[in-house]
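Trainee: Could you put together the complete structure from these sequences and hints?
For the record, the sequence lines run as chains A and B.
Residues in the first sequence are numbered consecutively from 47, following the numbering used here.
Residues in the second sequence are numbered consecutively from 47, following the numbering used here.
No incorrect hints appear here.
When chains are identical, the list treats them as one kind, so a pair holds in a single copy or across two.
Restricting the straight-line Cα-Cα distance to at most 25 Å, the calculated cross-link-like pairs of lysine-lysine (DSS-like) are:
{"id": "1", "residue 1": "106", "residue 2": "486"}
{"id": "2", "residue 1": "294", "residue 2": "171"}
{"id": "3", "residue 1": "294", "residue 2": "206"}
{"id": "4", "residue 1": "406", "residue 2": "292"}
{"id": "5", "residue 1": "268", "residue 2": "187"}
{"id": "6", "residue 1": "171", "residue 2": "292"}
{"id": "7", "residue 1": "446", "residue 2": "90"}
{"id": "8", "residue 1": "493", "residue 2": "50"}
{"id": "9", "residue 1": "502", "residue 2": "109"}
{"id": "10", "residue 1": "486", "residue 2": "109"}
{"id": "11", "residue 1": "206", "residue 2": "262"}
{"id": "12", "residue 1": "294", "residue 2": "269"}
{"id": "13", "residue 1": "262", "residue 2": "342"}
{"id": "14", "residue 1": "89", "residue 2": "447"}
{"id": "15", "residue 1": "268", "residue 2": "349"}
{"id": "16", "residue 1": "447", "residue 2": "383"}
{"id": "17", "residue 1": "54", "residue 2": "502"}
{"id": "18", "residue 1": "406", "residue 2": "446"}
{"id": "19", "residue 1": "171", "residue 2": "206"}
{"id": "20", "residue 1": "258", "residue 2": "486"}
{"id": "21", "residue 1": "269", "residue 2": "292"}
{"id": "22", "residue 1": "270", "residue 2": "294"}
{"id": "23", "residue 1": "262", "residue 2": "292"}
By construction, these hints were calculated from the structure, which means they are not laboratory data.
Remember, it's a predicted structure, so these values are computed and weren't measured experimentally.
2 protein chains.
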Amino acid sequence: MTYKNVDKKDLEYIVSLINDEERVLFGENISEDYSHDELGAVKKMPDVVIKVSSTEEVSKIMKYAYDNSIAVTPRGSGTGLVGAAVPIHGGIIIDLTLMNQILELDDENLTLTVEPGVLLMEIAKFVEDNDFFYPPDPGEKTATIAGNINTNAGGMRAVKYGVTRDYVRGLEVVLPNGEVIEVGGKVVKNSSGYSIKDLIVGSEGTLGIITKAILKLLPLPKKKISLLVPFENLDTAIETVPKIIKSKSIPTAVEFMQREAIVAAEKFLGKAFPDSQSDAYLLLTFDGNSEEEVEKAYDNVAKICIEAGAIDVLISDTEERQEGIWSARGAFLEAIKSSTTEMDEVDVVVPRNKVAVFVKFIHELENKFDIRIRSFGHAGDGNLHIYILRDDLDETTWNKKLNEVMDCMYKEASNLNGLVSGEHGIGYAKKSYLSTSLDKESLNLMKAIKLSFDPKNILNPGKVCQ
Amino acid sequence: MTYKNVDKKDLEYIVSLINDEERVLFGENISEDYSHDELGAVKKMPDVVIKVSSTEEVSKIMKYAYDNSIAVTPRGSGTGLVGAAVPIHGGIIIDLTLMNQILELDDENLTLTVEPGVLLMEIAKFVEDNDFFYPPDPGEKTATIAGNINTNAGGMRAVKYGVTRDYVRGLEVVLPNGEVIEVGGKVVKNSSGYSIKDLIVGSEGTLGIITKAILKLLPLPKKKISLLVPFENLDTAIETVPKIIKSKSIPTAVEFMQREAIVAAEKFLGKAFPDSQSDAYLLLTFDGNSEEEVEKAYDNVAKICIEAGAIDVLISDTEERQEGIWSARGAFLEAIKSSTTEMDEVDVVVPRNKVAVFVKFIHELENKFDIRIRSFGHAGDGNLHIYILRDDLDETTWNKKLNEVMDCMYKEASNLNGLVSGEHGIGYAKKSYLSTSLDKESLNLMKAIKLSFDPKNILNPGKVCQ
Chain A
47 MTYKNVDKKD LEYIVSLIND EERVLFGENI SEDYSHDELG AVKKMPDVVI
97 KVSSTEEVSK IMKYAYDNSI AVTPRGSGTG LVGAAVPIHG GIIIDLTLMN
147 QILELDDENL TLTVEPGVLL MEIAKFVEDN DFFYPPDPGE KTATIAGNIN
197 TNAGGMRAVK YGVTRDYVRG LEVVLPNGEV IEVGGKVVKN SSGYSIKDLI
247 VGSEGTLGII TKAILKLLPL PKKKISLLVP FENLDTAIET VPKIIKSKSI
297 PTAVEFMQRE AIVAAEKFLG KAFPDSQSDA YLLLTFDGNS EEEVEKAYDN
347 VAKICIEAGA IDVLISDTEE RQEGIWSARG AFLEAIKSST TEMDEVDVVV
397 PRNKVAVFVK FIHELENKFD IRIRSFGHAG DGNLHIYILR DDLDETTWNK
447 KLNEVMDCMY KEASNLNGLV SGEHGIGYAK KSYLSTSLDK ESLNLMKAIK
497 LSFDPKNILN PGKVCQ
Chain B
47 MTYKNVDKKD LEYIVSLIND EERVLFGENI SEDYSHDELG AVKKMPDVVI
97 KVSSTEEVSK IMKYAYDNSI AVTPRGSGTG LVGAAVPIHG GIIIDLTLMN
147 QILELDDENL TLTVEPGVLL MEIAKFVEDN DFFYPPDPGE KTATIAGNIN
197 TNAGGMRAVK YGVTRDYVRG LEVVLPNGEV IEVGGKVVKN SSGYSIKDLI
247 VGSEGTLGII TKAILKLLPL PKKKISLLVP FENLDTAIET VPKIIKSKSI
297 PTAVEFMQRE AIVAAEKFLG KAFPDSQSDA YLLLTFDGNS EEEVEKAYDN
347 VAKICIEAGA IDVLISDTEE RQEGIWSARG AFLEAIKSST TEMDEVDVVV
397 PRNKVAVFVK FIHELENKFD IRIRSFGHAG DGNLHIYILR DDLDETTWNK
447 KLNEVMDCMY KEASNLNGLV SGEHGIGYAK KSYLSTSLDK ESLNLMKAIK
497 LSFDPKNILN PGKVCQ
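Mentor: Here it is as structure tokens:
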């Protein structure tokens with residue numbers, strides 16, 4: 047497939063359409079930031095960046111791009127890690143960050159209607175100020191909500207509350223040909239034809255551009271508590287998790303972390319973590335509506351941890367102490383990134399009783415390939431975030447080792463009935479791993495679905511399954 | 047599209063494939079039951095019924111049917127209400143009820159793996175015996191799990207726990223061409239390409255045949271209580287529901303019912319309901335892990351009900367009393383059906399604060415068209431079950447009134463931002479209402495998706511969007 051480059055005539059049309067020169071960037075006015083995402087390994091500059099302000103603008107641009115075979119890549123905050131927002135075929139970037147209004151809180155239907163560019167942290171604050179709760183809680187709080195929907199992000203609280211998909215009730219979507227559709231709505235149940243909404247969720251901007259989202263809210267739990275549980279080693283820590291699940295306690299979150307990550311975060315944030323003496327930690331949260339309810343749950347889990355070999359159980363029941371711990375957890379990615387020259391990531395998900403096996407395997411790889419690997423992640427839901435660090439390796443050695451290590455990891459994940467990505471998506475960087483892990487028929491179905499939405503393959507081309 | 051009839055040669059091949067004559071029915075051996083579903087308005091006999099016993103058999107039959115352009119309709123218990131399991135083009139029925147084994151309870155991953163023909167009531171009993179909980183709870187307990195997945199059934203507990211989609215972690219699916227794919231798995235998070243799993247959920251047997259399902263379980267709540275709340279009239283009852291939701295109490299279920307339905311159920315079951323003096327009732331359930339937690343929630347709601355005009359609040363805290371009430375609720379459909387000569391149903395879903403408006407509208411229609419209409423349903427999630435009764439109307443008058451009443455209802459649902467079906471699906475009977483309520487682009491996408499899975503359109507043809 048070849049795409050038309052954006053020429054002078056196209057640009058004139060776009061400028062006349064947008065009628066606000068400050069929102070159309072081209073040539074030297076385009077910041078280098080638009081050429082990459084957070085991880086930055088894939089780079090390509092667009093021909094033009096359009097900072098859209100309405101669904102109508104998105105629709106008109108898509109129609110024009112479709113008619114003229116110009117590649118279009120939608121973009122939010124650019125916090126992705128797999129190159130999904132990188133315009134690898136050039137063309138147009140539609141930047142949705144100006145469409146950032148919270149449109150409606152409906153307290154009779156428990157829904158929040160938002161524009162695509164609202165940030166996750168803005169949603170969290172807004173709903174909590176109104177005594178509501180939007181459960182998905184990925185580490186990257188500056189991501190846009192449409193970015194989260196496009197990767198079906200899960201975050202910390204998936205153990206108890208599920209993932210973004212579970213909280214998307216309805217969407218307004220601009221299709222590649224510029225038509226605008228609404229899927230789902232404020233309704234709780236829906237059996238009215240195939241779920242196009244659920245196809246859009248997790249489609250990484252390849253099937254349509256989300257211009258509005260109706261999210262499901264819950265009442266805000268009244269009580270929350272965190273436990274920080276030090277262990278002598280990571281194996282013991284992680285092997286405790288299936289015991290917790292088996293006991294029928296459902297914590298809100300169960301994260302695992304190693305001292306290295308904590309020390310890096312302390313350094314990065316300039317703040318001390320409550321404890322960094324032990325090799326490995328579990329960090330758990332419990333929430334509920336009464337003191338008794340939460341106490342009962344964590345009491346039981348604390349006992350299980352001690353029986354399983356925990357050194358101690360540190361309880362954080364004030365907002366301040368919890369904030370301290372979780373902000374360190376939120377800084378892990380940045381802290382690790384700042385500790386090395388370059389890195390790549392793996393975001394596999396395995397059944398949750400296989401996390402210990404997988405983490406042991408990572409440590410073997412670290413020794414075998416003599417390369418620094420850092421991992422942390424969601425022990426409670428089987429989703430691991432693993433970072434392979436370049437440090438001072440030369441280009442050739444780095445590329446060779448990186449490929450070998452990644453191949454090993456994806457193979458092992460597959461052996462354990464795991465999948466390529468838990469929440470970061472496939473984008474551009476993980477395409478080869480997706481195509482080797484899926485059966486041929488599933489991959490062909492995905493390609494056919496893409497063509498159903500986008501026969502000319504102009505919307506975010508070269509991503510996911512293409 | 048024309049389909050090949052099953053001839054002698056085809057039959058010989060099928061018999062050789064199945065190698066068990068008792069599982070291949072043809073000619074006079076086919077029970078009339080296979081020509082219709084629970085509602086029975088759409089009828090057509092298949093050429094052959096194959097009672098399959100394995101994924102391999104399903105795969106081989108589909109491959110043969112695909113190569114020879116024979117229409118295939120999958121069928122579970124036949125409890126559907128929209129003709130989705132009726133072989134309107136004849137051909138083969140694949141009956142999945144013999145594939146009825148519970149394969150695995152995995153208490154470390156909180157999953158249950160089942161064959162497609164396991165009944166909903168068997169799953170409920172099995173998991174509860176093991177102290178687990180499968181939340182979806184549609185009224186029809188003899189439905190198969192694959193039937194529930196195919197309509198994305200919701201049931202009573204959707205208010206708090208969501209619908210079937212939210213509990214399907216993974217599926218094994220035989221595609222129209224006979225290929226077998228696995229989608230999802232035991233993993234909690236998944237961002238590995240488009241969600242084919244979520245396309246299959248709710249696709250009413252048109253995209254693939256489900257031969258195995260991995261379901262998500264929860265720990266069984268330790269405490270459950272039901273409230274039966276009589277009101278002087280239905281409007282007052284239903285208008286109370288948004289007040290309950292607004293108070294941030296989340297009941298497990300909120301059903302509304304009228305005296306007529308209760309009296310019919312009493313007659314049908316030969317058992318008295320705890321109260322049938324009032325015109326209208328709300329039936330609520332609360333669950334949780336401690337007495338205090340549940341008490342606190344229902345105390346608050348009981349007060350709201352009284353303030354909103356409830357005559358009384360009857361608390362059922364023993365298993366026996368709750369069973370009595372809920373079994374009456376479960377018998378409403380059968381009871382109404384047995385009170386008339388013929389009926390048709392509407393299963394719209396509206397935003398939950400629009401239920402009162404919609405129910406008032408139904409009562410106006412009842413008067414305007416002078417036809418008996420009964421309704422009950424899920425006040426807490428906006429999903430209404432409405433039955434239009436023929437009684438002693440002649441054929442012409444019945445068809446005329448039925449069409450007019452239905453047109454009015456679907457138009458009103460659409461005006462209220464509702465959808466055609468909350469959980470019964472589209473099947474054959476509701477196709478015209480789906481196609482008029484959807485925008486052209488969404489309908490075209492559905493048709494294109496169908497073709498991606500089934501280019502020869504042999505699997506359950508003539509349903510949903512075709």
